[in-house]
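**Student:** Sequence:
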Amino acid sequence: MDVMEMGKTPDFLERTALKNYNDPKEVVEKLGQTPEPSDVEEYQIHQDGGLIYDILSREAKKTGVLDKYKDAPTYTGIISLDGTTLEYTIPKEAAAYDLFPIRYTLHAAGSALPLHISATAFEEESRRKGRDLYDLNIPGVIDTEIEYLGYVDATKQPGIWPVHSAAQENDTQGSAYPGFEATDLIKSGTIKSTDITWLKFKYTNTGNTILDSEGNGTFCFAPLLYRKEGSDWVYTDQIHNMHERLFDYLYPGESGEMWLCFRRKKNLSPGDYKIEFWGRIRNEQEDPDYMIVWSGRDLIKSSFEFTVREAAESTVPVNVVK
100 MDVMEMGKTP DFLERTALKN YNDPKEVVEK LGQTPEPSDV EEYQIHQDGG LIYDILSREA
160 KKTGVLDKYK DAPTYTGIIS LDGTTLEYTI PKEAAAYDLF PIRYTLHAAG SALPLHISAT
220 AFEEESRRKG RDLYDLNIPG VIDTEIEYLG YVDATKQPGI WPVHSAAQEN DTQGSAYPGF
280 EATDLIKSGT IKSTDITWLK FKYTNTGNTI LDSEGNGTFC FAPLLYRKEG SDWVYTDQIH
340 NMHERLFDYL YPGESGEMWL CFRRKKNLSP GDYKIEFWGR IRNEQEDPDY MIVWSGRDLI
400 KSSFEFTVRE AAESTVPVNV VK
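In my numbering, the protein residues as written are 100 to 421.
Please note that a few of the clues may not be correct.
As the list claims (entries may be wrong) - Pairs of lysine-lysine, DSS-like flavour, derived with a Cα cap of 27 angstroms:
| # | residue 1 | residue 2 |
| --- | --- | --- |
| 1 | K373 | K327 |
| 2 | K291 | K160 |
| 3 | K299 | K286 |
| 4 | K228 | K286 |
| 5 | K169 | K118 |
Unchecked claim - Distance windows between CB atoms, simulated:
| # | residue 1 | residue 2 | range |
| --- | --- | --- | --- |
| 6 | V127 | R396 | 14 to 24 angstroms |
| 7 | R362 | A171 | 32 to 42 angstroms |
| 8 | V127 | Y276 | 55 to 65 angstroms |
What the hints contain is simulated information worked out from the structure, not anything from laboratory work.
Backbone N, C-alpha and C define an ideal beta-carbon position, used for all residues, glycine too.
All chains should be built: construct the whole structure from the sequences, respecting the hints.
**Tutor:** This is the structure we're talking about:
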């Protein structure tokens, strides 16, 4: 490459042509100057020593968004907790993605620190059903009930299912999708050992916290498969994505369904198995960075035991237990 266009300033607003970008002398001469500093806004320091980082409200004020709510009709409410009272006023209606003012006054008897005040908007008022609910930023009770609904087994079809060999040139390409024949849903505690197995479960939010899988506070299930070896349960497998996500908010009293297919144990060999369901949340209350970004905090645990046999059997399944 003889000519390379490179940015003169960090944001690449201007361009400089280099004849030879491998020539240090030319690079330093043409790009080594210090760019002009950009405008820097000052931020105030709160009396507790923290930075008042109000960049969003500043932008809303500049663009006139806050002006829309100067004379807007409002709600006023009071929240009391252990001698601390929060009085707040919020607009009755707001446009999606608008930043709007929430005025509040905090009264505390004695020292009430530390305090966390959070406001989260949800779109579907009808699902709240007049209840005072928590969200995952500051959760209340987080709990679920899980019910086993049955399983589906599938048998690979010869000549249709692709075959992968150690030598890539000997692979056999599949001729149709999905390449297996599946049964209907079977409600039994004994599962047939076959090529692929899916287990279906229903989950219900029995707490007082809205569960969701996006935003600052998130929830998911983490199912783990164990196999009984002697008198011990030995960890065996997990699902492909590790976590079973929610695809919609789950309000208290609402239910959803999930299908589980384990990564390495698609074909469960005969034996006794157990699935542990961990209910996992992530937020920024007091968790270290690893928990916030990846692992989350496990708050719920349920388990379901079942048996796998060579031939299908119809048995009454046990309940999912906590």
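**Student:** Next pair to validate is K291 with K160; report whether the Cα-Cα distance is within 27 angstroms.
**Tutor:** 64 angstroms, violated
**Student:** With 32 to 42 angstroms as the target window, see if R362 and A171 comply at their CB atoms.
**Tutor:** 52 angstroms, violated
**Student:** Next pair to validate is K228 with K286; report whether the Cα-Cα distance is within 27 angstroms.
**Tutor:** 34 angstroms, violated
**Student:** K169 and K118: Cα distance at most 27 angstroms?
**Tutor:** 58 angstroms, violated
**Student:** If you check the beta carbons of V127 and R396, does the distance land in 14 to 24 angstroms?
**Tutor:** 51 angstroms, violated
**Student:** Is the distance from the Cβ of V127 to the Cβ of Y276 consistent with 55 to 65 angstroms?
**Tutor:** Given about 58 angstroms between the Cβ atoms, the range holds.
**Student:** Can the restraint linking K373 and K327 be considered satisfied, given a maximum Cα separation of 27 angstroms?
**Tutor:** Holds - the C-alpha atoms of K327 and K373 are around 8 angstroms apart, at most 27 angstroms.
**Student:** Are the Cα atoms of K299 and K286 separated by 27 angstroms or less?
**Tutor:** 10 angstroms, holds
In summary, the structure is inconsistent with hints 2, 4, 5, 6, 7 from the numbered list given earlier, while agreeing with the others.
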